[in-house]
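Q: Keeping their order, the protein sequence lines are chains A and B. In terms of our numbering, the first sequence opens at residue 1 and continues consecutively. In terms of our numbering, the second sequence opens at residue 1 and continues consecutively.
Derived from the structure by calculation, the hints contain no laboratory data. Note that the coordinates shown come from a computational prediction; the quantities given were computed from them, not determined experimentally. Any given hint could be a false lead.
What the hints assert, rightly or not - Dumping the calculated DSS-like pairs for lysine-lysine here, alpha-carbon to alpha-carbon at most 25 angstroms: (1) K76/A / K87/B; (2) K47/B / K434/A; (3) K447/B / K77/A; (4) K416/A / K434/A; (5) K221/A / K372/A; (6) K21/A / K370/B; (7) K371/A / K87/B; (8) K89/A / K47/B; (9) K447/B / K89/A; (10) K277/A / K447/B; (11) K221/A / K202/A; (12) K77/A / K21/A; (13) K370/B / K375/A; (14) K47/B / K450/A.
So the chains spell out like this:
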Amino acid sequence: MSQEQKAVARARKAFLTGRSKPLEHRIRQLKNLQRLFVERQTEISDAMKKDLNKSEVGTQLFETLGLEGEINLAIKKLKEWAAPRPVEKNLLTLSDTVYIQPEPLGVVLIIGAWNYPWAVTIQPLIGAMAAGNAAVVKPSEVCAHTSKVMEYLLPIYIDKELYPVVTGGVPETQELLRQRFDHIFYTGNSMVGRLIMEAAAKHLTPVTLELGGKSPCYIDKNCDISIACRRITWGKYTNCGQTCIAPDYILCEPSIQDRVIEEVKKSIEDFYTDNPKTCTDYGRIINQRHFKRIMAMTEDSTVAVGGDSDESDCYIAPTVLRDVKPEAKVMQEEIFGPLLPVLPVGGLDEAIKFINQGEKPLALYIFSPDKKVIKRMIDETSSGGVLANDCLVHYSVSTLPFGGVGNSGMGSYHGKFSFDQLSHLRGCLIKELKMEGVNSMRYPPHTPKKLGWARFFILKNPDLGWMGRMALLAILAVVAAVVLQVSYGGREERDINEY
Amino acid sequence: MERQALQRTREVFLSGRTRPLEFRLQQLKALLTMITERQTEICTALKQDINRSQYDTPLLELIGLENEINLAIEKLAEWAAPRPVEKNILTISDEVYIQPEPLGVVLIIGAWNYPWAVTLTPLVGAIAAGNAAVVKPSELSEYSSLLLRALLPRYLDQDLYPVVLGGVSETQELLKQRFDHIFYTGSSSVGRAVMEAAARHLTPVTLELGGKSPCYIDKNCDLRVACRRITWGKFANCGQTCIAPDYILCEPCIQSRVVEGIRQTLLEFYGADPKCSPDYGRIVNQHHFNRVMGLMQGYTAVLGGQSDASQRYIAPTVLKDVPPHSRLMQEEIFGPLLPIVTVSDMDDAIRFINEREKPLALYVFCSDKKAVKRMLDETTSGGVTVNDVMMHYTLSSLPFGGVGQSGMGRYHGKHTFDQLSHQRACLVRSLGMESVNLARYPPQDRKRARRVRMALRSPMIDLSKRTYVWAVTATVLALGLLIALMVILLIAAGLNCTCWYWRGFYN
Chain A
1 MSQEQKAVAR
11 ARKAFLTGRS
21 KPLEHRIRQL
31 KNLQRLFVER
41 QTEISDAMKK
51 DLNKSEVGTQ
61 LFETLGLEGE
71 INLAIKKLKE
81 WAAPRPVEKN
91 LLTLSDTVYI
101 QPEPLGVVLI
111 IGAWNYPWAV
121 TIQPLIGAMA
131 AGNAAVVKPS
141 EVCAHTSKVM
151 EYLLPIYIDK
161 ELYPVVTGGV
171 PETQELLRQR
181 FDHIFYTGNS
191 MVGRLIMEAA
201 AKHLTPVTLE
211 LGGKSPCYID
221 KNCDISIACR
231 RITWGKYTNC
241 GQTCIAPDYI
251 LCEPSIQDRV
261 IEEVKKSIED
271 FYTDNPKTCT
281 DYGRIINQRH
291 FKRIMAMTED
301 STVAVGGDSD
311 ESDCYIAPTV
321 LRDVKPEAKV
331 MQEEIFGPLL
341 PVLPVGGLDE
351 AIKFINQGEK
361 PLALYIFSPD
371 KKVIKRMIDE
381 TSSGGVLAND
391 CLVHYSVSTL
401 PFGGVGNSGM
411 GSYHGKFSFD
421 QLSHLRGCLI
431 KELKMEGVNS
441 MRYPPHTPKK
451 LGWARFFILK
461 NPDLGWMGRM
471 ALLAILAVVA
481 AVVLQVSYGG
491 REERDINEY
Chain B
1 MERQALQRTR
11 EVFLSGRTRP
21 LEFRLQQLKA
31 LLTMITERQT
41 EICTALKQDI
51 NRSQYDTPLL
61 ELIGLENEIN
71 LAIEKLAEWA
81 APRPVEKNIL
91 TISDEVYIQP
101 EPLGVVLIIG
111 AWNYPWAVTL
121 TPLVGAIAAG
131 NAAVVKPSEL
141 SEYSSLLLRA
151 LLPRYLDQDL
161 YPVVLGGVSE
171 TQELLKQRFD
181 HIFYTGSSSV
191 GRAVMEAAAR
201 HLTPVTLELG
211 GKSPCYIDKN
221 CDLRVACRRI
231 TWGKFANCGQ
241 TCIAPDYILC
251 EPCIQSRVVE
261 GIRQTLLEFY
271 GADPKCSPDY
281 GRIVNQHHFN
291 RVMGLMQGYT
301 AVLGGQSDAS
311 QRYIAPTVLK
321 DVPPHSRLMQ
331 EEIFGPLLPI
341 VTVSDMDDAI
351 RFINEREKPL
361 ALYVFCSDKK
371 AVKRMLDETT
381 SGGVTVNDVM
391 MHYTLSSLPF
401 GGVGQSGMGR
411 YHGKHTFDQL
421 SHQRACLVRS
431 LGMESVNLAR
441 YPPQDRKRAR
451 RVRMALRSPM
461 IDLSKRTYVW
471 AVTATVLALG
481 LLIALMVILL
491 IAAGLNCTCW
501 YWRGFYN
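Just chain A, with the same shape it has in the complex (with noise of 0.2 angstroms):
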């Protein structure tokens, strides 16, 4: 039996024996996830700084502090997500109890991304254990470091069978798809979620892919393009362009081209300082096979801020591209680096039509100060989420589910979204053995009339809920009543009585 093959019989042999599903374990293990992030912070972002050349601010920023809000959020909520939620009943079911009930779904594979290897890996974490399930985490390889100190704390800090940690490269990750999970949590890009949603298919395994593409960010041209362009900047080269979410090109008309390139300039100066090579907080791609994709896309566009780079230390400078052309090399392919193309267009409907012909992308960004605008761009594009007027932020908000759609993905998670994805939402109707009679409709030998009286009782569904209020203000009226006779009739047989 392989490594992987046995991690995950051994994770299935725990939670087989049950100790996963009682809340108090749950709640248990995440407040030891909890402390792992309190205590653990230097290493956690001494590995950052070695895979990504990320600042220990930077780390806690965009990693460690999502990551610590919603272990607390899953504390907090455990109880409610989990318990039976009821369900509208109908006329034949109205004395039954009939609810929804979460349930864990058994082992859970959650394949990580380097790019921001401790969010996208363990915020699935979260929701699995929060469910009820056994977990095998798999970080990727490519943030060699990260993955090692992944390996090395959370068998410290949680259970260790339940929640294995399985380091490897294609081949070991090829042999852990060939085992069979309950679900299978994915993060990176398109074409090897093609590969897991085949391999899942085997096993009739379902499947959550958050996947990438191109996200298009269009600024109008009567925004405040100062302040888009700072927003944009800070969106666009965090964690040198190597985000899911990153606005990867703007669409702008040609008259705002170079107030939008000159903007983008100043705020890159006040982030990064004149040399961002030098600045702290600017980051570096994560290896060199990276390196090589994003230059070569520079080849065919014209270079307005930036450009340089230096392939020793996988440094390229933050880099806006202008008059790009929709069949340059930038714009085949999500760029995942700090390359900013501006395309210009003629306006929203051309915008619209661009961000049409492609791939549906994980985010949309829209600047506008015009709601009219917004909502055109809204309702006649598609894309996982969408954000207007800034970047980002709307992965910060764990009441918005965060996923993909088409090319960019399948399912979504975060906050309570990340417990029903993970968990199995069963329906359940408890019924009893008595009021027979009711269910002879139903039983042959058939008649007309026993039909009549299933269409009645099937189809004419009273909206209980209004009649429950008509009914409850007919009582009021009458309470109302009563008391204001007592009162008043009181009053008249005091008043005589005085006489």
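Go by the hints and put chain B onto chain A.
A: What follows is chain B alone, placed relative to chain A:
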């Protein structure tokens, strides 16, 4: 299906024809008209397909479908509206909501056992959600598919909801094309093939599959009623129901009473010779007839067992003391054979169920609430009905679907709408209040990070109507109490004079 025809459907979808709610409502109403006007033809087709009685068709298929369409028409505006969500301190002045959107072109592959219900119920959701849909009914229910192909274009938009007929090869061709969602009802083995084909285009799928739905009878319940309900569920549509109770688990001491209960009920339902009863169905085709007969080989039925290949008739059959390793217990029966497997007690039954794949439905007949709770807690299944069979299917507020080998995804009522929509997260901010954002921009330092940490850690503020009402009510009550306290104090302070004052008033 011709690539061109699918292209046409996609083009019409992209033109935005399905977006307006009025269009969707009009299509749903047309669908309702179709199944009410054409009920007789639909019943005739089903009689020809599987000898279903003219009452069973409305009862088991059409009334439920009508219900679904009515619900969708009534609730469409509510379902399709933006859904506001809880905000936090950072988003307090923003618009934060989930917008349901159409996915695009949905492929619906139907099954033959309830061809109208399982093909058209997903279509109701697809239409309501604003999608186009390619409808591929099962070729095994031949008359029904031909009728559907003839009728649907006459009532619904022909470009948006084309019907495609054909067998395995046509379906495989269809699956090579790109869809935005595939909704499949059928067997697990084909379900795998559908998901694999969908994977190539990263198309999400809903698979309504099957399995062996266990039915546990506790020895202390009202056996007479239990057996009647089970008999109805098992032999309706001649056992060809995905949520039919597949097999019974009970203790040996009640086995013969269970058999007797079923025997009496069968007499009530279908008379002494079910072959002559207009309400008893037939097996859909020769292949399945042979398959079901093959399952019985080597076992003697304690009830029924007769068959007539020329009519594809199999009598309602019960087999007792069936061993767990028998062929009968290896695959979903999907026929009128009801095996009884004996177990020593509820724990044994739970173990038996958990050793097997997760079924689409679980049935428990038991009057002890605690025991029922234990059974539900320690097993899993797509859905559960306690003390009856199949009825969880009829409640559209319950999500209907499988888990594990019995399927993925769910539908019915609003769940269909949600399953066939994209729930798009929307956050609309303004370009003002930039000062709030300053803490997140580089250059980063610890002080700024601390500020951000505080902001991100802020709890969600529930700005829902309920909290608002509570807040107002609480304030009013508090004010009321304050006023009452002040009045009491005033009265107490000036006790003498106010007392005389009141007395004087009445004198």
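Q: Between the alpha carbons of K21/A and K370/B, is the straight-line distance 25 angstroms or under?
A: holds (18 angstroms)
Q: With the threshold set at 25 angstroms, check whether the alpha-carbon distance from K47/B to K434/A stays at or below it.
A: violated (33 angstroms)
Q: Need the status of pair K447/B, K77/A: alpha-carbon distance at most 25 angstroms?
A: Violated, at about 30 angstroms.
Q: For a C-alpha distance cap of 25 angstroms, please report whether K89/A and K47/B respect it.
A: violated (33 angstroms)
Q: Taken at face value, is the distance from the CA of K375/A to the CA of K370/B at most 25 angstroms?
A: violated (53 angstroms)
Q: Regarding the pair K47/B and K450/A, is the alpha-carbon distance no greater than 25 angstroms?
A: holds (20 angstroms)
Q: Is the hinted pair K221/A and K202/A satisfied, with a Cα-Cα distance of at most 25 angstroms?
A: violated (51 angstroms)
Q: Straight-line Cα separation of K371/A and K87/B no greater than 25 angstroms?
A: holds (20 angstroms)
Q: Decide if the proposed pair is consistent with the structure: K447/B and K89/A, CA atoms, cutoff 25 angstroms inclusive.
A: Roughly 54 angstroms separates the two Cα atoms, so the pair is violated.
Q: Quickly compare the C-alpha distance for K416/A and K434/A to 25 angstroms and report which way the hint goes.
A: violated (38 angstroms)
Q: For a C-alpha distance cap of 25 angstroms, please report whether K76/A and K87/B respect it.
A: Distance ~17 angstroms between K76/A and K87/B Cα, so the pair holds.
Q: Does K372/A lie within 25 angstroms of K221/A when you go C-alpha to C-alpha?
A: holds (14 angstroms)
Hints 2, 3, 4, 8, 9, 11, 13 from the list above are not met by this structure, while the remaining hints are.
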